[in-house]
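Let's have the full structure, built from the sequences with the hints guiding it.
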Amino acid sequence: MGRRIIVYLIAIAALIGLWEVAAVSLQMAAFPTPVIAFAAFLQDLPHGLGRDLAISAWRVSISIVISLVLAVPLGLYLGREEALDRFFAPLIYVTYPIPKIVLLPVIMAMCGLGNFSKIFLIALTIFFQILVTTRDAARQLERPLIDSVTSLGANKWQVYRHVIWPAVLPEILTALRIASGTAIAVLFFAETIASEDGLGYYLMDAWTRCDWADLFAGVIAMSILGLAIYMTLELIERRVCTWKYL
Amino acid sequence: MVLVEHLSVTYRQTNASIQALKGVTFSVEAGETCAIIGPSGCGKTTLLYVLAGLRTGFSGRVLINGQPVRPQRRETALILQDYGLLPWKTVWQNVILGPQLRGLTGPEIFKQCETLLHQLGLADLGHLFPGQLSGGQRQRVAIARALAVDPDLLLMDEPFSSLDALTREMLQDNLLAIWKQKRLTVVIVTHSIEEAVYLGRKIIVLSPRPAHVIAQVDNPGVGTRAWRKQAGFYHVCSRLRELLQVEGG
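Sequences listed follow chains A and B, in order. Position one of the first sequence corresponds to residue 14 (my numbering), numbered consecutively onward. Position one of the second sequence corresponds to residue 2 (my numbering), numbered consecutively onward.
Treat the hints as calculated values from the structure; they're not laboratory data. Every residue, glycine too, gets a C-beta built ideally from N, C-alpha and C. Mixed in with the good hints, there may be bad ones.
Using C-beta positions, here's what the derived DEER-type ranges look like [what the hints assert, rightly or not]:
hint	chain 1	residue 1	chain 2	residue 2	range
1	B	Asn16	A	Arg174	33 to 41 Å
2	B	Pro69	A	Ala96	20 to 28 Å
3	A	Cys254	B	Glu76	30 to 38 Å
4	B	Thr225	A	Arg174	40 to 48 Å
5	B	Lys112	A	Ile111	52 to 60 Å
6	A	Thr195	B	Ser60	49 to 57 Å
7	A	Glu247	B	Pro69	50 to 58 Å
8	A	Tyr258	B	Thr225	42 to 50 Å
9	A	Cys254	B	Gly24	42 to 50 Å
10	B	Gly136	A	Thr245	47 to 55 Å
11	A	Ala96	B	Gln182	41 to 49 Å
12	A	Val82	B	Pro69	39 to 47 Å
13	B	Gly136	A	Leu83	39 to 47 Å
Written out as structure tokens, the structure reads:
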């Protein structure tokens, strides 16, 4: 674990180093050096930025939880129940490629400008990603694995609990890690439109003021949010899927 | 113990129906071992699935202990070739899975499972995952898990075919020892002539698909480790080879 943290730190240091080199050689106001950006970040953190970061983190987290709770059971069930899947699969395949983000105006018209419509949009976007991955993973499960547990006396519910769920879990977590990137992108978009808080609003506000240091402070906050979610998911995966990391 | 009469199974696929078994008839006495041998793809596994109650679409009569075969008969244990163990459960969790699924988690069950692990030389491996074991160890865990539900009928589908020769013989001896101790009825599906003759008190020879019984070979020499080296053993082996070659064409 300690070694992995060191590797992460080295990667972050290298990234900041590259940024420094690029900023110094470009000499543009819109591209400040890391020192200026981090100074603005630390200065703003207690005065609004921290609050916006917390609000955004809350919105993304709750969206991820909601989409998980809805998509995982449905995906597992569709993956294993062919009759139901035959009906729902075309529906999913038609709706999956529609970019949910274009529905933002509709969602805002129906659900208002508050938290609900932002969370709804993020959850809707990643719901489909998790649903499709879960369903496909559950479908690909080896039949004999289920047969051998059935022969031990497992009922349907026990097969889901002891075989299907643990088999699909690593793939769900991988899907979630990929989806977390999408979630933050959608969050940014949702928070820039008719919004009064969150990191998207903070960035938009800095941009209109042409305050590039503040803008980059917002970028740093967004990156920290993304990294935190990503690392949390990886930590969970290593915790609950020990058998994958032998 | 096991009575199979005129068993036929047909698989329906999208644009064809494949007959796997055609009028298979045989019986196995309680406490007897029976090896089922036939060319690969002949429907041996299908037959085992019917006996395990996992395949219910068939015609004919199949009785286990006088009762029509049904899914989830509690005293039947099944061991499949490669998929026996759940990779996300440790050895110990795999072995207690059967009792656990039946709601049995008392200390005497744990003790019984510990004894089983000990008997099969797995006592120190309880905390490992199947991915950390050798093929032979994994198959021993599969046997332990099957025995943990205290079966009277043990069904095995080519349990040792992916193992190297020495490990295979060791596990065959393990199985023989368990059979002698518990006197359970064992039905083992195999494509290995030597394995059939070493383990099967009765040997059922199946034809290529659609499978029917071409011969029932009585094999009374089974039961001692010395049997593998005796002249009678080789005699039965050549007889089986002839039977399989004639049918295989």
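Evaluation of the provided hints:
no. : hint                               : verdict
1   : B/Asn16 with A/Arg174: 33 to 41 Å  : holds (37 Å)
2   : B/Pro69 with A/Ala96: 20 to 28 Å   : holds (27 Å)
3   : A/Cys254 with B/Glu76: 30 to 38 Å  : holds (34 Å)
4   : B/Thr225 with A/Arg174: 40 to 48 Å : holds (44 Å)
5   : B/Lys112 with A/Ile111: 52 to 60 Å : holds (58 Å)
6   : A/Thr195 with B/Ser60: 49 to 57 Å  : holds (53 Å)
7   : A/Glu247 with B/Pro69: 50 to 58 Å  : holds (52 Å)
8   : A/Tyr258 with B/Thr225: 42 to 50 Å : holds (46 Å)
9   : A/Cys254 with B/Gly24: 42 to 50 Å  : holds (48 Å)
10  : B/Gly136 with A/Thr245: 47 to 55 Å : violated (37 Å)
11  : A/Ala96 with B/Gln182: 41 to 49 Å  : holds (46 Å)
12  : A/Val82 with B/Pro69: 39 to 47 Å   : holds (43 Å)
13  : B/Gly136 with A/Leu83: 39 to 47 Å  : holds (41 Å)
Hint 10 from the list above is the single one not met by this structure.
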